[in-house]
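Starting from the known structure of chain E, fit chain R with the ligands onto it as the hints suggest.
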Amino acid sequence: MASLKDRIGVIKLNQKVAKDIYKMVLQFDDMPDDIKGGQFAHVKLNDKSHILRRPFCICDYDISAKTITLCYAVVGDGTKVLSSYEVGEKLQVMLPLGNGFTPDKNVKKVVLLGGGMGSAVLPAIPTSNPELEYYTYLGFANKEKVVLEEEMAKVSKQLTVATDDGSYGKKGFVTNILAEDMAKLKPDVVFCCGPEVMYKALKKALEPFDVPIIVSLEARMGCGIGACLVCNCKVKRAGEEETYVRVCVEGPVMKLSEVVL
Amino acid sequence: MSNLKVNIAGVEFKNPIITASGTFGFGREYDRFYNIEELGGICTKGLTIKPKLGNPPPRIAESYGGMLNSVGLQNPGVDHYLQKDDLYLAKRDVVVIANVAGSTLDDYIAIAEKINGSKSDMVELNISCPNVKEGGMAFGVLPQSVERVTSAVKKACPNKPIITKLSPNVACIADNAKAAEAGGADAISLINTLSGMAVNYKTRKPILFNNNGGMSGPCVKPVALKMVWDCYNAVKIPIIGLGGITSYTDVLEFMICGARAVQVGTYNFNNPYGARDIAKDLATYVEENNMDINDLVGTLILNK
Ligand SMILES: Cc1cc2nc3c(=O)[nH]c(=O)nc-3n(C[C@H](O)[C@H](O)[C@H](O)COP(=O)(O)OP(=O)(O)OC[C@H]3O[C@@H](n4cnc5c(N)ncnc54)[C@H](O)[C@@H]3O)c2cc1C
Ligand SMILES: Cc1cc2nc3c(=O)[nH]c(=O)nc-3n(C[C@H](O)[C@H](O)[C@H](O)COP(=O)(O)O)c2cc1C
Ligand code: FES
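Sequences listed follow chains E and R, in order.
Residues 4 to 264, numbered by this note's numbering, are exactly what the first sequence covers, in order.
Residues 781 to 1084, numbered by this note's numbering, are exactly what the second sequence covers, in order.
Chain E extracted, bound-state conformation (with noise of 0.2 Å):
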């Protein structure tokens, strides 16, 4: 089996980009070469209080700067001390963990769905597949929580921006306005990531459309390797009984379809 290897990362940018949202880079002498899209990474905290590393979504990544980018927003005790650390601090990351999004090989057109802070997972995918033809649509409650709204237009064909309020860009919740462009855009392959219940109101405005949609899970973890089985989510596959995986592993990114939500 593959080694793994914990970090160390040194804080190169730790800013506030939106209401509540922060945008980390940390640089690493020893910087994985096999990162993929769909990854995360297991945070340590610097102090004793908080034994539980803190999993993130590698947002983005850069080989050659030897940098990884997360995203994250501030809802807890745990993100609340990672947003006071400062440049130059030095944190110890697990990573790359999960299996990440593997488009198959006749996928071309690619839709990008983020909702809310799970926009995050989506800039690494065209870092780690850049021949792929990427539509993206990001959904947000308000204006004040916009982020990545930039770095996905470079990288994007088109870019569909909306909030909850109409507070900014579309009025509406992001799954039905991909649902009117489905007819004309004809993906190959839907990636999305953001809530659970965005996942099943996804499910229901794309059930006119044969498209395979995979999406990105959260669950609280521990080990963050396969080990303790804390970060169960119910799957049934096809032919099989319903059964746990680890989202740590067998996951986080899983076809929709399999997804017991």
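Hints listed in this document are in silico derivations from the structure and should not be mistaken for laboratory results.
Every residue gets a Cβ at the ideal spot worked out from N, C-alpha and C, and that includes glycine.
Among these hints, one or two may not hold up.
Computed cross-link-like contacts, DSS-like style, restricted to lysine-lysine with a CA-CA straight-line distance of at most 30 Å [claimed, not checked]:
#1 K160/E to K206/E
#2 K794/R to K8/E
#3 K982/R to K22/E
#4 K982/R to K51/E
Just so you have them, the derived chain E footprint on chain R, three or more residues with Cβ under 8 Å [as the list claims (entries may be wrong)]:
#5 804-815
#6 831-837
#7 841-848
#8 1046-1054
Restraint ranges, calculated between C-beta atoms of paired labels, are given here [said to hold, decoys possible]:
#9 D32/E to R812/R: 18 to 24 Å
#10 R872/R to N109/E: 39 to 45 Å
#11 N939/R to S87/E: 54 to 60 Å
#12 G964/R to G91/E: 56 to 62 Å
#13 G964/R to R240/E: 44 to 50 Å
Using the frame of chain E, we list chain R with the ligands on its own:
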């Protein structure tokens, strides 16, 4: 000459560091970070007679300096273990302890019979699971049931030394240690997790799907140290101490309180090299002080 080797019930460990059940899988994952043969021993995930799916998520929550889990013993079942992991681990130069669990006495006997023919070196009895036949109270609560399950497993598994793993959620842990000894345990390990709850004030719901969970990590260490000391004064069989260990000085504290070896659990999540690093640091300490680690066991000097 300094010495880091310890012997428990006739089984030699190259150092007193063992990884705790449920935090280290069957060794394969951490084997990708370092050679698990650098450890004294490893304890497997709790095995049951049939595969077990465990509890729905969320199964983990954080607390100050610790965490709660409610995995609910998800495991592939003992037969799968015997066909796969038992063979993988047998090839390695590390003591392998099979952790077993059941919800009836018959379960424990059946699994003990199977492990008797395995390649593992020792058996650790997890008696913190609810006993379905006795109204859901864990086997580990009453001294009589601790003795009963220990002696039944001892009979069913005569080839392997038996370690009874004690639950801290009891009236008097020293009484349960004595009960394990009376039941024929070759050693005891303690502590398993402390019963606890994590609550979300916004939703007014427990964070864990199972409502309750087992607390572990640095925050439980003082409780564990006291219990190890209490048990050391109650029994003659060797003690494996655990609960919140994150450094070699924690190990020294446990050994001074009476542990002959220790287990490292939650800390593996924080630092994937954690157990190995502790073993290395302990080796350095023992060398620098030119001591035999066994001389520390039970040397606590009380203040009065
Ligand atoms: C594979 C993966 C990728 C992720 N990528 C991102 C990302 O790119 N950007 C981002 O903002 N967030 C991301 N998350 C969610 C992020 O891990 C949590 O928001 C974060 O752990 C919360 O930590 P906290 O200490 O602030 O919250 P607290 O509620 O104080 O945390 C307590 C514990 O619960 C865990 N926890 C709480 N909420 C979540 C959650 N939603 N998912 C997983 N664990 C949680 C924490 O890790 C911690 O162990 C991702 C989660 C996973 C599983
Ligand atoms: C995620 C998790 C799973 C566990 N599973 C088991 C188990 O299957 N059997 C068992 O005897 N103990 C189990 N335990 C308890 C540990 O082995 C150990 O007793 C406890 O965590 C205290 O040690 P620590 O503070 O070093 O983690 C588990 C603990 C954790 C955190
Ligand atoms: S987080 Fe430990 S198995 Fe997934």
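Results for each hint:
1. K160/E to K206/E: 24 Å, holds
2. K794/R to K8/E: Holds - the C-alpha atoms of K8/E and K794/R are around 25 Å apart, at most 30 Å.
3. K982/R to K22/E: 21 Å, holds
4. K982/R to K51/E: Roughly 26 Å separates the two Cα atoms, so the pair holds.
5. 804-815: holds (count 8)
6. 831-837: That given contact holds, which follows from 4 residues of the stretch 831-837 of chain R lying within Cβ reach (below 8 Å) of chain E.
7. 841-848: holds (count 6)
8. 1046-1054: holds (count 8)
9. D32/E to R812/R: 18 to 24 Å: Because 20 Å falls inside the window, the suggested range holds.
10. R872/R to N109/E: 39 to 45 Å: Holds, since R872/R and N109/E (Cβ atoms, about 43 Å apart) stay within the stated range.
11. N939/R to S87/E: 54 to 60 Å: 55 Å, holds
12. G964/R to G91/E: 56 to 62 Å: 58 Å, holds
13. G964/R to R240/E: 44 to 50 Å: Holds - the Cβ-Cβ distance for G964/R and R240/E, about 45 Å, lies within 44 to 50 Å.
The structure shown violates none of the earlier numbered hints.
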